[in-house]
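Asker: Each chain, letter by letter, is given below.
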Amino acid sequence: MAYQKHRDIISNFSPSNIVCDEHGSIQYADIPEILSGIAAHFQQGKIFCVGLPVQNNLMQAMVILYLLSEKINFFLLSGNSAMPPFCDKIVTITGGEIELSDNPDYVAKDRMIKAGSGAIFFSSSGTTGPVKYVYFKQEKLIQNAKNVINRFGFDNNSRILVPVPLGHAYGMGVGLLPGLVAGANICLIEKNNIVKLFAMLGGFRPGFTLINPTVCKMILLLDKSISSKTVYITAGEKIEEHIHQEFESKYGLLINLFGCSELGAIGTSSADDAQSRIEGILTPMDGVEVIISNDEIVCKHNAGFEHYVDKYGDIDNAQNVFYRTRDRGADAGNGNFKVMGRIDNCVNRAGFLISLEEIESSLKELFAGLKQVVVFEASMQESLLTRLVAVCEIADRFEMDKTEVSRICKEKMKRYYVPDEFHFVQDLPRLGNGKPDRFFLKNNYKTIIKN
Amino acid sequence: MAALSPESVKLRIKEIIVNDLDANINSTDFSDEISLYDDGLGLDSISIINLIVLLEKKFEISFEESEISSRFFGSINNLAEAIYSKLNARMESVN
Chain A
1 MAYQKHRDII SNFSPSNIVC DEHGSIQYAD IPEILSGIAA HFQQGKIFCV
51 GLPVQNNLMQ AMVILYLLSE KINFFLLSGN SAMPPFCDKI VTITGGEIEL
101 SDNPDYVAKD RMIKAGSGAI FFSSSGTTGP VKYVYFKQEK LIQNAKNVIN
151 RFGFDNNSRI LVPVPLGHAY GMGVGLLPGL VAGANICLIE KNNIVKLFAM
201 LGGFRPGFTL INPTVCKMIL LLDKSISSKT VYITAGEKIE EHIHQEFESK
251 YGLLINLFGC SELGAIGTSS ADDAQSRIEG ILTPMDGVEV IISNDEIVCK
301 HNAGFEHYVD KYGDIDNAQN VFYRTRDRGA DAGNGNFKVM GRIDNCVNRA
351 GFLISLEEIE SSLKELFAGL KQVVVFEASM QESLLTRLVA VCEIADRFEM
401 DKTEVSRICK EKMKRYYVPD EFHFVQDLPR LGNGKPDRFF LKNNYKTIIK
451 N
Chain B
452 MAALSPESVK LRIKEIIVND LDANINSTDF SDEISLYDDG LGLDSISIIN
502 LIVLLEKKFE ISFEESEISS RFFGSINNLA EAIYSKLNAR MESVN
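Chains as they are written, first to last, in the numbering used here: chain A, 1 to 451; chain B, 452 to 546.
Worth flagging that the hints you see were computed from the coordinates, not collected in a lab. Given the structure is predicted, the values throughout are model-derived calculations rather than measurements. Quick reminder that beta carbons are idealized off the backbone N, C-alpha and C, glycines included. Please note that the accuracy of each hint is not assured.
Said to hold, decoys possible - Here are a few chain A residues that face chain B, going by a calculated C-beta distance under 10 Å: (1) Ser-14; (2) Asn-192; (3) Lys-196; (4) Ser-406.
Said to hold, decoys possible - Quick list of in silico lysine-lysine cross-link-like pairs, PhoX-like style, CA-CA up to 20 Å: (5) B:Lys-537 x B:Lys-461; (6) B:Lys-461 x A:Lys-224; (7) B:Lys-508 x A:Lys-224.
Could you build the full structure based on these sequences and the hints that come with them?
Answerer: Shown next, in the form of structure tokens:
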């Protein structure tokens, strides 16, 4: 008998709709056969949690669908993090072939979360400190997907392009899962770049395309016409008003989505009001309440995570009803809000939340001759891309030049930590308390470094 | 721009990648057939954008939307052939 359990997830689809990537496609009508084939790999007895090094491809999407259908707990591993010891199995997919292997670092123990409970784990997007694991119950993640479906009007006529990684709440929670639940046509791009994006915009002709502010700015920088008309959804750091306006004038609707790994989608800008979109005014998803408390965005969500777990899968941090996002916000009236930035001196670099202070510490550890370092984001009008700028107060004996410093950083530091510019000065501007005047430096560094 | 041979187009493309992209790539790193991105040269998104902009500027050409594709950008050979064709087409229209 054909596999049917996925019908709990995908209830309404057109059999000829497809899920595809750059290399191939599957019609929804053929999904039962695919899932039966995947099932053959999972007959080894009870599994606590499957670790999935995430790839944005068709077979990965089918494996995720299978795990959801069978309520097998799974963890989406993104980036270069290690597989946590609460995963007893690891799925690797090579050339469309699936292999299920044991995690050599698995630690067997009694846990509150039980095998077969449909738990889904993400890494939190923050890159500072130890990794935090976010635990969702399946029904909440599905509800999160339904919030997205309701907001954007996804249905089984929709065509959704997902170039963003499935290992984050954005790609999974706003792209793949809502697409599957709605029975939509879905196209995945692995390791997105502008060449692949243009190819799929022209070939797949999506109605919705998930991007981020970096991709938005890259499209503007390239300054090409795009014949395929799509609604762009962007998530991540705030886009400057003039960039938003320029993008919409050239390429059409750009909807800003605000969310986090812990809560999924929290709010979006309006599809109907261009001015409020450009101003960054966001409306909470249905069933989501947002308040601004001491300038911080605090959220009560109908479909958020249960709690964090540690690397052994035990409860790490009990969750309050209201979740503090660590994002600064402002009330925009009528239940709407705006995101103003981060509270904790972090910046979002292509999906990674990076602490500027951690970069500063790393630079001081790497180079003994740096007395003080200030790192900030600067907008570069000529390139539209924000750049990380490091202005370093140097000791007299410091003799390295910028090229050498940059080279060493690229060898020793994570890619998104490495500043794009280095400047060396004898004295940094200081506040009355002796700390570097970051605000003044960020706004005047070009003059300071000339002098 | 004076007429260029296919080989000199290829050489100029490589010079741009090595010297102008700030992508930590040496001239010995790549063959003419490997992909410019993914498991080939591994150029990231920003490097690819910068490459397209630089190629257009240095060769005084413009890529159409449909030409931003793996057919053109899949390898140095493909890219050189495409740019050489564009340069030739321009020379012919001038003449």
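Asker: Next step is simple, just say for each hint if it's right about the structure.
Answerer: Verification of the supplied hints:
Look at A:Ser-14: its Cβ only gets to about 29 Å from chain B, farther than 10 Å, so that hint breaks. For the restraint placing A:Asn-192 at the interface with chain B, the shortest Cβ-Cβ distance is roughly 7 Å, inside the 10 Å limit, so the hint holds. Interface hint at A:Lys-196: satisfied, since its Cβ lies 8 Å from the closest Cβ of chain B, which is below the 10 Å cut-off. A distance limit of 10 Å between C-beta atoms decides the matter here; for A:Ser-406 the minimum to chain B is near 9 Å, and the interface restraint holds.
Taking the CA atoms of B:Lys-537 and B:Lys-461, the gap is near 14 Å; set against the 20 Å cutoff, the hint holds. Restraint check for B:Lys-461 and A:Lys-224: the C-alpha separation of about 24 Å exceeds 20 Å, so the hint is violated. For the proposed pair B:Lys-508 and A:Lys-224, the alpha carbon gap of about 14 Å is at most 20 Å, so the pair holds.
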